[in-house]
Structures are given as structure tokens and as C-alpha cells.
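Novice: Take a look at the letters that make up each chain.
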Amino acid sequence: MTDIIKAFITGGIICVIAQLLIDYTKITPARIMVLFVVTGVVLGVLGIYPAIVEFGQAGATIPLTGFGNTLAKGVIKAVNETGLTGVLTGGVKAASAGISSAITFGYIMAIVSKPKLK
Amino acid sequence: MSKKITRHEYQHLVEKTMPPSRVFRDVLAAFVTGGLICTIAQIFFMGMESLGVDEETAYMLTTVIMIFLGAVLTGLNIYDKIGKFGGAGASIPVTGFSNSIVSPAMEYKKEGYVMGVGAKMFLIAGPVLVYGIFASVVAGLIYYLWIQVM
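Here the protein sequences line up with chains A and B, keeping their order.
For what it's worth, numbering that gives the first Met the number 0 labels the leading residue of the first sequence as 0, then goes sequentially.
For what it's worth, numbering that gives the first Met the number 0 labels the leading residue of the second sequence as 0, then goes sequentially.
What the hints contain is simulated information worked out from the structure, not anything from laboratory work.
Treat the hints loosely; a few may be bogus.
To be verified - Using 30 angstroms as the maximum straight-line C-alpha spacing, the simulated BS3-like pairs for lysine-lysine come out as follows:
#: 1; chain 1: B; residue 1: LYS83; chain 2: A; residue 2: LYS25
#: 2; chain 1: A; residue 1: LYS113; chain 2: B; residue 2: LYS108
#: 3; chain 1: B; residue 1: LYS119; chain 2: B; residue 2: LYS108
#: 4; chain 1: B; residue 1: LYS80; chain 2: B; residue 2: LYS119
#: 5; chain 1: A; residue 1: LYS5; chain 2: A; residue 2: LYS92
#: 6; chain 1: B; residue 1: LYS83; chain 2: B; residue 2: LYS109
#: 7; chain 1: A; residue 1: LYS113; chain 2: B; residue 2: LYS83
#: 8; chain 1: A; residue 1: LYS76; chain 2: A; residue 2: LYS92
#: 9; chain 1: B; residue 1: LYS119; chain 2: A; residue 2: LYS113
#: 10; chain 1: B; residue 1: LYS119; chain 2: A; residue 2: LYS115
#: 11; chain 1: B; residue 1: LYS83; chain 2: A; residue 2: LYS115
#: 12; chain 1: B; residue 1: LYS109; chain 2: B; residue 2: LYS119
#: 13; chain 1: A; residue 1: LYS25; chain 2: A; residue 2: LYS92
#: 14; chain 1: A; residue 1: LYS76; chain 2: A; residue 2: LYS5
#: 15; chain 1: B; residue 1: LYS108; chain 2: A; residue 2: LYS115
#: 16; chain 1: B; residue 1: LYS80; chain 2: A; residue 2: LYS113
#: 17; chain 1: B; residue 1: LYS119; chain 2: A; residue 2: LYS92
#: 18; chain 1: A; residue 1: LYS5; chain 2: B; residue 2: LYS80
#: 19; chain 1: B; residue 1: LYS80; chain 2: B; residue 2: LYS108
#: 20; chain 1: B; residue 1: LYS109; chain 2: A; residue 2: LYS115
#: 21; chain 1: B; residue 1: LYS80; chain 2: B; residue 2: LYS109
#: 22; chain 1: B; residue 1: LYS3; chain 2: A; residue 2: LYS25
#: 23; chain 1: A; residue 1: LYS113; chain 2: B; residue 2: LYS109
#: 24; chain 1: A; residue 1: LYS5; chain 2: B; residue 2: LYS83
#: 25; chain 1: B; residue 1: LYS108; chain 2: B; residue 2: LYS83
#: 26; chain 1: B; residue 1: LYS119; chain 2: A; residue 2: LYS25
#: 27; chain 1: A; residue 1: LYS115; chain 2: B; residue 2: LYS80
Claimed, not checked - Label pairs and their computed distance ranges (CB to CB):
#: 28; chain 1: B; residue 1: LYS83; chain 2: A; residue 2: ASN79; range: 38 to 48 angstroms
#: 29; chain 1: B; residue 1: ASP53; chain 2: A; residue 2: TYR23; range: 39 to 49 angstroms
#: 30; chain 1: A; residue 1: LEU19; chain 2: B; residue 2: GLU55; range: 26 to 36 angstroms
#: 31; chain 1: B; residue 1: LYS80; chain 2: A; residue 2: TYR23; range: 17 to 27 angstroms
Ideal Cβ placement from N, Cα and C applies to all residues, glycine included.
Please take these sequences and the hints and turn them into a complete structure.
Specialist: Take a look at the structure:
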């Protein structure tokens, strides 16, 4: 039960940071999404984000910072295992399930659904 | 006698008093929406762990499930409403990433399956992947050089 509350709070706070940036800086949501993924990569490589995941679990992995952390974790693992080639393979390999499922489900849903009439 | 204020002064007053309450509402909605989406994910994650799925796979499958839900809810025109209410609380979770793929793809279907659906899917997801993957390569290179030196 406490893990669920921790996930709620962690995910909530990450989204609040994004919302404050949108409200106070007028950065567009698309740029916020880019910013959060890159921030996730940086915090992931520095070992800070893994500690946040330790605490918030899915509350930390589900926001886009978590996607960035996955990329970072993957590239570090690949560099440790295969050296320089890991620089190019690690990130996408770790994120592959997310990328492929987003493309597959996204494509199918776009094909079968009708946009709402405006 | 009540004090009369000009339309301009009124406008100024509105601008001065509106933002804090609007920001408070936005932030609260983002907290609740983002928190609830992560809570749903957490329940899937814990369910899989209790079935003996290893942690890494459980995180991966949780992300896949949330991407699936985001795509379906977007297709049903429900995620747009969640987004309107929750703001960043709806766009920052991976369900929002999924929404950013399906939404323009649906919208531009009339421009064809290649340059419409195929290209517009990545209107927002494209930049996210470009900068995310590029950052991971730069980070990987720095890490590689770091462990050579150390």
C-alpha cells in the first residue's frame, strides 16, 4: 500500500514540475516533453534518477523522465558490456519495447479511430 | 458611492488576480492526474511482481501496458478530455507520449497513410526520440571516455 502512495506522490510531483514550467515560462508542452526526456537521461547517467525509481517505482518510470532514465541505464550497461559500440546500441535497445509498442499501438489506433468532429 | 474603475483598470485587476488561482488549479489537477496515472501503473507493476516477473521486465511491461491504454483512450477521444483537465499531469506520463502519437496521426489520416499517418505520428514523439536518443549517445560516449581515464 505504501508503494502505491509513493508512486502517486512521485508521479504527481514530476507532473507538477512540468505544469509549473508551462504556467510560468510559457514553454510549449512539446518542448517540456523533450526537456523531461533529456533531463531523465542526464539524471539517469548521474545515478540520481535510479534513486528516485527506488523510491517511487512506477511513479518514477512512467513519466517521460523515466523514459530518459531507461535510455541512460541501457547505454551504461551496453558500454560496460561491449565498450564503444555500446554507445550506439544501448539506449535504443533498452527503450525498444516502449518505442515499438508506441508505434504499433499508435498506428493501429490511428487507423481504426475516427477523429472527433470539431 | 461605489468606486468606478475603467475597463482598462478592470482588465489590469483581472490579470493581476487571475494567474495565482489558475496556476493553483492547474498544479493541483496535474498532481492528481499524473499521480493517478502512475498509481494505475504501480498496480500493474506490483501485480506482475507478485506473479514472479523480474523487476526489469515488470517495469518494461508496465510501460507497454500504459502506452497501450494511452493509445486506446486517445482513439476513443477520451484522453483529450483527460489532457484538458490534467495538463502536464496527462502529457508527461508515457500515456501522454502515446497520445501525442495517435492524436496527430488520426487528425492527418486524410493526408494519406504515408505522409499523413506515417509522418504525422512523430510530430511530437519525433523530437522526443531525437533528443532522447541523441542525449543517450552523448551520455554513453562521455561515460565511455570516463571509464577509460579512471
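Novice: Now tell me, hint by hint, if it's right for this structure.
Specialist: Going down the list of hints, with the structure as the test:
no.: 1; hint: B:LYS83 <-> A:LYS25; in the structure: 17 angstroms, holds
no.: 2; hint: A:LYS113 <-> B:LYS108; in the structure: 9 angstroms, holds
no.: 3; hint: B:LYS119 <-> B:LYS108; in the structure: 9 angstroms, holds
no.: 4; hint: B:LYS80 <-> B:LYS119; in the structure: 21 angstroms, holds
no.: 5; hint: A:LYS5 <-> A:LYS92; in the structure: 29 angstroms, holds
no.: 6; hint: B:LYS83 <-> B:LYS109; in the structure: 25 angstroms, holds
no.: 7; hint: A:LYS113 <-> B:LYS83; in the structure: 19 angstroms, holds
no.: 8; hint: A:LYS76 <-> A:LYS92; in the structure: 11 angstroms, holds
no.: 9; hint: B:LYS119 <-> A:LYS113; in the structure: 16 angstroms, holds
no.: 10; hint: B:LYS119 <-> A:LYS115; in the structure: 17 angstroms, holds
no.: 11; hint: B:LYS83 <-> A:LYS115; in the structure: 15 angstroms, holds
no.: 12; hint: B:LYS109 <-> B:LYS119; in the structure: 11 angstroms, holds
no.: 13; hint: A:LYS25 <-> A:LYS92; in the structure: 34 angstroms, violated
no.: 14; hint: A:LYS76 <-> A:LYS5; in the structure: 27 angstroms, holds
no.: 15; hint: B:LYS108 <-> A:LYS115; in the structure: 13 angstroms, holds
no.: 16; hint: B:LYS80 <-> A:LYS113; in the structure: 16 angstroms, holds
no.: 17; hint: B:LYS119 <-> A:LYS92; in the structure: 24 angstroms, holds
no.: 18; hint: A:LYS5 <-> B:LYS80; in the structure: 26 angstroms, holds
no.: 19; hint: B:LYS80 <-> B:LYS108; in the structure: 21 angstroms, holds
no.: 20; hint: B:LYS109 <-> A:LYS115; in the structure: 13 angstroms, holds
no.: 21; hint: B:LYS80 <-> B:LYS109; in the structure: 23 angstroms, holds
no.: 22; hint: B:LYS3 <-> A:LYS25; in the structure: 34 angstroms, violated
no.: 23; hint: A:LYS113 <-> B:LYS109; in the structure: 11 angstroms, holds
no.: 24; hint: A:LYS5 <-> B:LYS83; in the structure: 25 angstroms, holds
no.: 25; hint: B:LYS108 <-> B:LYS83; in the structure: 23 angstroms, holds
no.: 26; hint: B:LYS119 <-> A:LYS25; in the structure: 24 angstroms, holds
no.: 27; hint: A:LYS115 <-> B:LYS80; in the structure: 12 angstroms, holds
no.: 28; hint: B:LYS83 <-> A:ASN79: 38 to 48 angstroms; in the structure: 44 angstroms, holds
no.: 29; hint: B:ASP53 <-> A:TYR23: 39 to 49 angstroms; in the structure: 41 angstroms, holds
no.: 30; hint: A:LEU19 <-> B:GLU55: 26 to 36 angstroms; in the structure: 32 angstroms, holds
no.: 31; hint: B:LYS80 <-> A:TYR23: 17 to 27 angstroms; in the structure: 25 angstroms, holds
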